[in-house]
Structures are given as C-alpha cells and as structure tokens.
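**Q** Sequence:
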Amino acid sequence: MMIHSVFFLLAVLSFLSLLTSTFGSSADDASSAADCSSSSTCGDVSISYPFWRSDGPPSFSAVQCGYPGFGIACELEDKQQPILQIGSGRYNVSHVDYDSRTIDLTDTNVLTSPDDKSSCPIVRHNLTFAGDVASSLNYTGADANLTFLFNCSVGDGPPHDFLQYNVIPCLGYADKPSFVFRSDDVPYNLTFWSGTCEDVVVAPVLLDILSDPGWDPAHDFSEALNYGFQLAWMAGAAEGCGECESSGGHCGFNQTSGSPLCFCPDGTRAGGDCPVTQSKNKHTGVIIGSSVGAAAGLVGLCGLCVFLYIRTRRRRHSPSSSNLIRNASSSVPNSYSKSKDPELGGGSSVFYQTHLFSYDELEAATDGFSDSRELGDGGFGTVYKGILRDGRVVAIKRLYENNWRRVEQFKNEVAILSLIRHPNLVALYGCTSRHSRELLLVYEYISNGTIADHLHGSRADERALTWPRRLSIAIETADALAYLHAVNPPIIHRDVKTNNILLDADFHVKVADFGLSRLFPLDATHVSTAPQGTPGYVDPEYHKCFQLTDKSDVYSFGVVLVELISSMPAVDITRRRDEINLANMAIRKIQNCQLEELVDAALGYEEDLATKRMITMVAELAFRCLQPDGEMRPPIREVVEVLRGIQREGYNKNSEGEEGDIVVKEDSGLLKNIPPFSPDSVAAKWPSRTTTPNTSE
52 MMIHSVFFLL AVLSFLSLLT STFGSSADDA SSAADCSSSS TCGDVSISYP
102 FWRSDGPPSF SAVQCGYPGF GIACELEDKQ QPILQIGSGR YNVSHVDYDS
152 RTIDLTDTNV LTSPDDKSSC PIVRHNLTFA GDVASSLNYT GADANLTFLF
202 NCSVGDGPPH DFLQYNVIPC LGYADKPSFV FRSDDVPYNL TFWSGTCEDV
252 VVAPVLLDIL SDPGWDPAHD FSEALNYGFQ LAWMAGAAEG CGECESSGGH
302 CGFNQTSGSP LCFCPDGTRA GGDCPVTQSK NKHTGVIIGS SVGAAAGLVG
352 LCGLCVFLYI RTRRRRHSPS SSNLIRNASS SVPNSYSKSK DPELGGGSSV
402 FYQTHLFSYD ELEAATDGFS DSRELGDGGF GTVYKGILRD GRVVAIKRLY
452 ENNWRRVEQF KNEVAILSLI RHPNLVALYG CTSRHSRELL LVYEYISNGT
502 IADHLHGSRA DERALTWPRR LSIAIETADA LAYLHAVNPP IIHRDVKTNN
552 ILLDADFHVK VADFGLSRLF PLDATHVSTA PQGTPGYVDP EYHKCFQLTD
602 KSDVYSFGVV LVELISSMPA VDITRRRDEI NLANMAIRKI QNCQLEELVD
652 AALGYEEDLA TKRMITMVAE LAFRCLQPDG EMRPPIREVV EVLRGIQREG
702 YNKNSEGEEG DIVVKEDSGL LKNIPPFSPD SVAAKWPSRT TTPNTSE
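Counting from 52, one number per residue, gives the positions in the sequence shown under the working numbering.
Worth double-checking, as some hints may not be accurate.
Unchecked claim - Quick list of simulated restraints, FRET-style, between CB atoms:
1. Ser-139 <-> Gln-645: 52 to 58 Å
2. Arg-440 <-> Pro-686: 40 to 46 Å
3. Ser-509 <-> Gly-94: 54 to 60 Å
4. Lys-130 <-> Asp-411: 49 to 55 Å
Think of the hints as simulated: they come from the structure by calculation, not from any bench.
Where a beta carbon is used, it is the ideal one built from N, C-alpha and C, also for glycine.
Work out the full structure, taking the sequences as your base and the hints as a guide.
**A** Given below as structure tokens:
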C-alpha cells in the first residue's frame, strides 16, 4: 500500500511538473473562469468539483461550477460552517475525501456541544435522496441506522418492561414515551410502530460508534448523531472531470444540456477537455512537440498508479478488507495451516485454517448467484445452493453488501467453525480469501430445512416431526451446545433458536449461524457485552445485567424445548398480550397445572401415557432452563443427561401407574410442590424481557 502510494505521488508530481513547465504560461490568461476557481475553502473543508459554493457569485446560473444538488453554502456563525442541503435537511460538512469520493455529514438539528447535557438532539426528518442527488449520493459501508419512535401509545403494544430500556430519557417517561433502537434491533416492524407512534424517523450514523460493546442506544444516541454519517457520490457526478483537469481546466456542469463542462485557462468552455493553445513562440512549439511522448508515457504510468491506488483503497474500505481474515485468526488459537491463495496466483501463501475458494469458482457454482439458487437468509448474508467442480452440493453464504457489522459476524464464523468439529454442528468447507471481491462462506448443504420450518413454518403441514423425532432433536441440539461449552476456550453460541437448527434428510441436527458467538475466557464467570440475540430467546438476566454466561445458551435452549412441545413460535404478536412471549406463557401454564393447553395435541399427549410422561418431564426441564436467575438453571451437560434419561426410560411400562395416572419422580417437582428456585420462588410472577432487540435477522 505504502509503495503504491509513494509511486503514485512521485508520478503525479513529475507529471504536474512537466505540465507546468510546458503549459504554465497559459494559466496566466485565465480570466473568465475566475469566479469558478478549481477549489475554495470553508472552515477546514476544501470545496471543489463536484461540489461548488452555492453562496458564490451568481454568474453561473444555467452553467454551474459543480454538479447539480452538490452546492455547499459557507455560513458564518461563530466560525465558517459548510452546509449541504439534501431534500428538506441541512447537513454540516465535516470532511470531503476526493480520492474515495466520500463526504462526512452531520444533521445541523442535532449538533450540540459534547459538554451540553441539557439538550435533547433529536432527528425529526428522514434523509431522502430526491431530485438532483437521487442517483448521485448513497450510503457507504461505514453507515448504520438508528430508528426513533416518537410519542408512542404502548398500552396495547409490547410489554412495558421490555421497552423501558430504550426510552429516550431526555424526552421523559410520559404516557406517550419515545424510543430509540438500532434499526436492525427494532422489535416487530415499522408498520406496527407507524400505527402506534406519532412519528417514526430513521437516522444514519457511523457503524463504528454503534459497534462499541458498551454502547447504549437510550443514553448514547446523542453522541452517535453528533458524529454524523458518511455518503459517497457516484461516478456520474465525476464524469469527465479527470480529462478536464489533466488538460489544465476546471470541472463544471452544464445544467441546460445535462453534460459535463470544462472551464479552460484561455477563458473558453469545452465539453470535455481543453484544446492545447499554440504559442507564437516557435521554441514553445518545439518544447510541446518534444514533450508529447514523455507526457503520454507519464499519463499512462499515472493512470496505472491511479488504478492501483484506487483498487487498494477500495479493498481497504470494502467488506473484503485486507485485514479481515488475518484479524479473525488473531482471535483464535494458533493452529492455522498454510494454504495457497487462489486469488493471488503463483506461489503466494497465507495462513488459514480452512480451504480457500476463488470467487469465480463459487460464482460458477451458483449460476452467478441466481435467484433460483437462493435458499434463504443466513443471519448476515443470503444463502445459495451451489455445486462445486468436484460435484459436492454446498450452501454458500454471501455477505450482504455495504454492512460492516456483518463483516464482524463473518470473521466470527471463520474463526469459530474452522476450529470445531462435531456431528451436530454445521461443517465449514471453506471461504473466499481476503483478496476476493466478495466475502463468501461455503458450508455442507443441509437439505431438510430448519426446526422452525417444520414446527410452525412452511413445512408444518407435513407433520414430519413426531414426538420421538422431537426428543432426538432436543438431545442432539443440547449435545452440540455441550460440546461448544466444553471446548478450550469455551464457545457461547448466543443465538440458539429453531431457525438456526438445521435438519438433514434423516432429521439429524446441524446447529448453524455462529455470527454472534463468543469465545469465552476459561477463568471468567461471564463476559460483559451489550445484549444481542433474537426476540423471545434472549436470557433476561443477560439483557438486564449485560453479562453473558453459558447459562444464557441454556435459557435459549429452554425456549427451543417449549417450541418442540407446543409447535408455537417464540414470539407471536397475534397471541394475547400476556402470551406474546412463549417462555412467559409456558411458565404460567406449567405453574397453573395447565400443561395440556401448551402441548401440541398432534403429539398424542392425551392418547399415549408414555408420550404424556415424556412430554411432562421435558416440560419440567424446560421450566428449569427458563429460570430468571441463571444460577438456578442446569448446566447444558446436565440437560443432555436428563434428556437421554427421559428417552431411555420413556417407554418403560413400569413407570405407568394405576388407572393411567402419571408417576412423577420425587425430584421432578413440576406437577407437585415446586421448591423455591429463587428468593421470590418461581410461583411469583417475574417480568419478561426476553423480547430483546433482534441483531441477527
């Protein structure tokens, strides 16, 4: 990178020096383009094409100094402030990078002093690309979004104890509170909130700010808004400018014809580049003639350097950043093997622990990522069915474009799945290299959908999940989690849910999606981190105390057990308000001895005594896993052993009592006297905060 940059700068300086000595005298003749000089400054910001001073001389009305919609007004308050108008919004310009074609902006409505704790900076309008900038400006991979919900009537909506964590403090806790979420964490959908709140606003911010583990939306949103966001301008806004500037002109835009314009040193206006003006001095002609060859060579050399420089910068700022896989490897044990990088050719080698595929091979395997090959969503990317050159059928996950948060999850998958092997964990076959144009992961292909598909999704009508199969699925899932918790260092999955548990053709389990997983220090009791997960599955203690433990996975698995018993989704806003959350519903039904109202009738709970006994015991185990106090939950290894015992003894006829009664062991306690699992006892009502914002789609 450094060599390319130095080489580029030397070539440019040499070329500019030659042009100056050859054509410099012509610059003195420029007069009519003086009002549209190549650049201007406002505060610390340099303003040049495609931007222009909208508060400058009015002499260019139809023919402007810059691209339409890119006018920057230099306003003077305490100091000069460059302001860009986009739609109805006014945005302060903090920096413009003409090499990467990016501009950093902050909404003027939210600009506050870092020491000002009394103000409440709130965005009251959405950023809309319309008019001249509709096809010229766009977000970059450095951006994320915050969603503001103003003056909401939540009486008939989600549980109040869930929303209180995201109430905007400076707007108060009135009857109609306001909330702020990361946009990919908003519970339910914007259609729901549009009917509940007076206003819904989505505001762009920098992803780096939100990625801080300690970042809290309710208290830190002001800082995120003050840092602003980044936009990129498209190639069309810079069309033809390079040729114009190379010929000594200043770029402009003919708004009448809608085409680029070049203001030449001799005062003329050209449609592309400026013509070379002959001098009356014959010696000048000789100099020009002798310089053509050298200039042409330098132009070619400069173009090559520009290409290398821009390509390197793009790679650094793109999802396939040069440090991506290397950074991932630094977070895992040192067991990497040396592999050839197919994107580099020759004998270049890098350290990876998994096979490297070329982008071209995976593109061909999916028919160019054809829509007909799409399998669905994979957490941080779209999953496609592919056929490799060797005939293997695989699942290929393609990273969503321009989403740096997903890059972190990609790194997590590579770091974790390349270390572990278990028959009930999805196998990672490989990935593309850090030099690839896109980041892709290649997994074994699992053909039979997810547990969620079969329980309450598109395949529920098949009724393929009988009770014996469901019990086997529970055992295999728990065994996979027990393996993760037992490896060195331990791994917390953090997103255990039925959508992440795949089934093969024989209904064996493959736990997938490790984008949110964490490597757990051996000597630690917990890891402090912002709660992440899926609504309905997140440990309430984790959400409340920001402390992730192995018992967080146990809680999520408890929800999976209830889904296996009931065939109901973890969250369903069409259910009664107090039953939206399945875990809360299950605890109440079990405490009130109403288990039959929870169990899927198709499982034969009322017809078969052995099935009834097994379901009852699994419900008891789920009850223990769902305890609000993590210390009261069993470790996952114990969960595995209990499930295996239920399966082993499930059809023991000696367990049947007279007249069909169910004999429950002394230690079960589910339908008998429930011991006090916590100081308030489990019979006491406990608030559910399990609808934690979704961060893994």
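**Q** Name the hints, by number, that the structure is in violation of.
**A** none
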